[in-house]
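Q: I would like the entire structure built from these sequences, with the hints used as guidance.
Protein chains: 2
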Amino acid sequence: MNTAPLLDATHNPTLQSWVASANDPATDFPIQNLPYGRFRRAGSDEPWRIGVAIGDWILDLARAAAAGGWSDEVRTALAPLAAGDLNAFMALGPALRRRVRAALSTALSAGSPRQNDLAGALLLQAQAEYDLPCRIGDYTDFYTGIHHATTVGSLFRPDNPLLPNYKWIPIGYHGRSSSIGVSGQTFQRPRGQVKAPDAERPEFVPCRRLDYELELGALVGSANALGEPVPMDAAEDHLFGVVLLNDWSARDIQAWEYQPLGPFLAKNFATTISPWVVTMDALAPFRAPFARPADDPQPLPYLDSAFNRDFGALDLRFEVLLQSAAMRERGEAPHRLMESNFRDAYWTLAQMLAHHTVGGCNLQPGDLLGSGTQSGPAPGEGGSLLELTLGGKQPLALPNGETRTFLEDGDTVILRGHCERTGARRIGFGDCAGSVLPARGVRP
Amino acid sequence: MNTAPLLDATHNPTLQSWVASANDPATDFPIQNLPYGRFRRAGSDEPWRIGVAIGDWILDLARAAAAGGWSDEVRTALAPLAAGDLNAFMALGPALRRRVRAALSTALSAGSPRQNDLAGALLLQAQAEYDLPCRIGDYTDFYTGIHHATTVGSLFRPDNPLLPNYKWIPIGYHGRSSSIGVSGQTFQRPRGQVKAPDAERPEFVPCRRLDYELELGALVGSANALGEPVPMDAAEDHLFGVVLLNDWSARDIQAWEYQPLGPFLAKNFATTISPWVVTMDALAPFRAPFARPADDPQPLPYLDSAFNRDFGALDLRFEVLLQSAAMRERGEAPHRLMESNFRDAYWTLAQMLAHHTVGGCNLQPGDLLGSGTQSGPAPGEGGSLLELTLGGKQPLALPNGETRTFLEDGDTVILRGHCERTGARRIGFGDCAGSVLPARGVRP
Numbered sequence: 001m002n003t004a005p006l007l008d009a010t011h012n013p014t015l016q017s018w019v020a021s022a023n024d025p026a027t028d029f030p031i032q033n034l035p036y037g038r039f040r041r042a043g044s045d046e047p048w049r050i051g052v053a054i055g056d057w058i059l060d061l062a063r064a065a066a067a068g069g070w071s072d073e074v075r076t077a078l079a080p081l082a083a084g085d086l087n088a089f090m091a092l093g094p095a096l097r098r099r100v101r102a103a104l105s106t107a108l109s110a111g112s113p114r115q116n117d118l119a120g121a122l123l124l125q126a127q128a129e130y131d132l133p134c135r136i137g138d139y140t141d142f143y144t145g146i147h148h149a150t151t152v153g154s155l156f157r158p159d160n161p162l163l164p165n166y167k168w169i170p171i172g173y174h175g176r177s178s179s180i181g182v183s184g185q186t187f188q189r190p191r192g193q194v195k196a197p198d199a200e201r202p203e204f205v206p207c208r209r210l211d212y213e214l215e216l217g218a219l220v221g222s223a224n225a226l227g228e229p230v231p232m233d234a235a236e237d238h239l240f241g242v243v244l245l246n247d248w249s250a251r252d253i254q255a256w257e258y259q260p261l262g263p264f265l266a267k268n269f270a271t272t273i274s275p276w277v278v279t280m281d282a283l284a285p286f287r288a289p290f291a292r293p294a295d296d297p298q299p300l301p302y303l304d305s306a307f308n309r310d311f312g313a314l315d316l317r318f319e320v321l322l323q324s325a326a327m328r329e330r331g332e333a334p335h336r337l338m339e340s341n342f343r344d345a346y347w348t349l350a351q352m353l354a355h356h357t358v359g360g361c362n363l364q365p366g367d368l369l370g371s372g373t374q375s376g377p378a379p380g381e382g383g384s385l386l387e388l389t390l391g392g393k394q395p396l397a398l399p400n401g402e403t404r405t406f407l408e409d410g411d412t413v414i415l416r417g418h419c420e421r422t423g424a425r426r427i428g429f430g431d432c433a434g435s436v437l438p439a440r441g442v443r444p
Numbered sequence: 001m002n003t004a005p006l007l008d009a010t011h012n013p014t015l016q017s018w019v020a021s022a023n024d025p026a027t028d029f030p031i032q033n034l035p036y037g038r039f040r041r042a043g044s045d046e047p048w049r050i051g052v053a054i055g056d057w058i059l060d061l062a063r064a065a066a067a068g069g070w071s072d073e074v075r076t077a078l079a080p081l082a083a084g085d086l087n088a089f090m091a092l093g094p095a096l097r098r099r100v101r102a103a104l105s106t107a108l109s110a111g112s113p114r115q116n117d118l119a120g121a122l123l124l125q126a127q128a129e130y131d132l133p134c135r136i137g138d139y140t141d142f143y144t145g146i147h148h149a150t151t152v153g154s155l156f157r158p159d160n161p162l163l164p165n166y167k168w169i170p171i172g173y174h175g176r177s178s179s180i181g182v183s184g185q186t187f188q189r190p191r192g193q194v195k196a197p198d199a200e201r202p203e204f205v206p207c208r209r210l211d212y213e214l215e216l217g218a219l220v221g222s223a224n225a226l227g228e229p230v231p232m233d234a235a236e237d238h239l240f241g242v243v244l245l246n247d248w249s250a251r252d253i254q255a256w257e258y259q260p261l262g263p264f265l266a267k268n269f270a271t272t273i274s275p276w277v278v279t280m281d282a283l284a285p286f287r288a289p290f291a292r293p294a295d296d297p298q299p300l301p302y303l304d305s306a307f308n309r310d311f312g313a314l315d316l317r318f319e320v321l322l323q324s325a326a327m328r329e330r331g332e333a334p335h336r337l338m339e340s341n342f343r344d345a346y347w348t349l350a351q352m353l354a355h356h357t358v359g360g361c362n363l364q365p366g367d368l369l370g371s372g373t374q375s376g377p378a379p380g381e382g383g384s385l386l387e388l389t390l391g392g393k394q395p396l397a398l399p400n401g402e403t404r405t406f407l408e409d410g411d412t413v414i415l416r417g418h419c420e421r422t423g424a425r426r427i428g429f430g431d432c433a434g435s436v437l438p439a440r441g442v443r444p
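These protein sequence lines are chains Y and V, in that order.
Those letters in the first sequence? Residues 1 to 444, per the UniProt record's numbering, in order.
Those letters in the second sequence? Residues 1 to 444, per the UniProt record's numbering, in order.
Among the hints, a few may not be true.
As the list makes no split between identical chains, a pair holds if one copy fits it or if it spans any two.
Stated by the list, open to error - Listed below are the simulated DSBU-like cross-link pairs for lysine-lysine, each with C-alpha atoms no more than 35 Å apart in a straight line:
no., residue 1, residue 2
1, Lys195, Lys167
2, Lys195, Lys393
3, Lys167, Lys393
In short, the hints are calculated from the structure, not lab data.
A: Structural data, given as structure tokens:
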């Protein structure tokens, strides 16, 4: 595991597909990506099945498996995918996953003799609807964005923004799985208890400080047994892939409820992820060194490995866009609020996973690890409105003359992400969009 | 829902069973109880199936369903149980659950003509092994033990033991589902980061302050949809039943990691529940008024109902016992550490459930709601060693001459619970036992 991330023919930046839209330089889904999602024809009652995004299309793996022409090994590995069960495929581990990737890459390559067999297994993404890509058993949310932690900490605790444990522990907490939805999720503005600092008692009201949080979500592949920690050298082998994640947050509810056991109702009303799981294999060309400022504590041995130092980080560019109801009605494009990069995270995905298991906790295929809000170091790079508006004190101007401190009813927030680097083909994540409905009982 | 809890013929304290051991006054499982569990013959590879505890026996519901003689409605409701799926039965709601209870009660009553059909469907509990009774999707842990919160708060925050939100909000946080096990669970002492207050940096060591927490666990029955809060008047209808719950805790890991997002590795290495789910129906005779001290804030309207005031509490007696490895080797009985009563909880089960959903969070059948540590008001009634030993400062003497501040390798902790009241048949929960193994890599 101390060697470089595995690059093979599937990463060749000049590789083209017989699916023409996959060769568009602007597509998120060139043949070098091949992310997995769970889909069906929009508005149908067809069974959900697993597909791979390729250009503007989805390769339906149920149909692709049925078309035959795969090696015995790949056919066996495709079986759970054809049955709509990504979890079972995730559990197979990285070696078999890579052989399936190689087989799909070959079959979708320009000039492949499989084109005639597989053309009938394609569905336009525009004609599909999505479910969560896998069953998420447990969801854990980390806090690896040090610029976020510092800015938010200074709002909640001006004298003590970054707590003493932050640079030693990949801080995390358990989240709510049942309310995770896929891009397109809508949710009612939550009601809850809030208390103004000078108020004598709390009031029960619709949230007034509703926010998004830009995060990366890592999905666990193979499991570890209870009591068997995953060492850093094996941690990458337990990661399947990543999605974009919006950790919607009710700041006023959070401020009143979060002591001493952490956020609860402030976070569990909705969490939105993108539909396509970009595999760790597709990300191999975009790995980057992980280094700490010399003055900072270096990771304890159980959070350190040579691979992690050389390749543990990920050069992944984020952006967040907002489209208000008024913008949508007038056909105005979403407005970009910020950009940041996952390279600025204080802890790597492997460190999150190794830390999670070090006391014996078992992770299962499909478990979700959120990265925490990914804010950049500059003031305009906050991954939440709380940061961009300095706790609601400095409204953001939208191009159509509206302003925002926190989210308003009808707002749609869109997270986007992509990786690009000289010598590699750009790959993207697709949109992770979610929209705020009025609080229950409030007419839109 | 503002009427008294439903008492019917199944609660008649004079009702006897043709299963003789169910008529023993000391049994936890008289015919008035009828709790559900998931079992198979010990050491076998038989499929797991759902049974009902009756005296020293288990009525195997797969065999009981196959024996026939049930009404159409009951036969349909028994089908998921016969298939080993308690979750599907939980989802059916309280009315059908009560009809199945009535049918089982009648069939197991002394003099029932069904005795000959059903005698072959019994297995001795001593010959069975247990799995978790249901699939637990999400696990939430509350903090309703005000005596625990005050004592523990004074150890972590001497100047501020009970935070200002405590008397307004049923404080809770999300827990880890994957590491929940059933009575008999063993786990390795977790390793983790700990930092002494005067140390410059943390160290990575086996936990030195390992503890148990005595809790009640409530299992959700029917679901609520995302965005549809359960009002207090309907909350009882969404509860299926209760188990005992040991929220094992690594105090030294917790102290260093828990700010600002709450406990994480300190809790997620293991959680143990009892195998038998005592239904809300069986608990009907033991409901009690819920009242607040006059000086305390009264619950906000969304946490209040007439039923909750009149019957929301539960008169349920707990005890915790400890058996060390030395005691076990010499055949010495477990030693009782404390007793308490769930009547002292500051919030009711219905308030926990209503609060959990009030922002829109969806609960699903089988979700687990822990009550938080149930300590009594007196000094010797702490529901954890942290409390009983004043943070480890005052060792407890065991009868064999050993002492304890925190748990040692080889210790077994046993939670027990029962309900008794004049005019009702005593019912119990069976044991919730778990044992500490040495830390990984440490020889026993």
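Q: Each hint needs a verdict: does it hold in this structure or not?
A: Status of each hint after checking the structure:
Taking CA atoms no more than 35 Å apart as the test, Lys195 paired with Lys167 passes in both settings, with 31 Å inside one copy and 13 Å between copies. With identical chains, the CA atoms of Lys195 and Lys393 are at most 35 Å apart within one copy only, with a shortest distance of 18 Å there and 37 Å across copies. Taking identical chains as interchangeable, the C-alpha atoms of Lys167 and Lys393 lie at most 35 Å apart whether they share a chain (29 Å) or sit on different chains (30 Å).
Violated hints: none; the structure is consistent with every hint.
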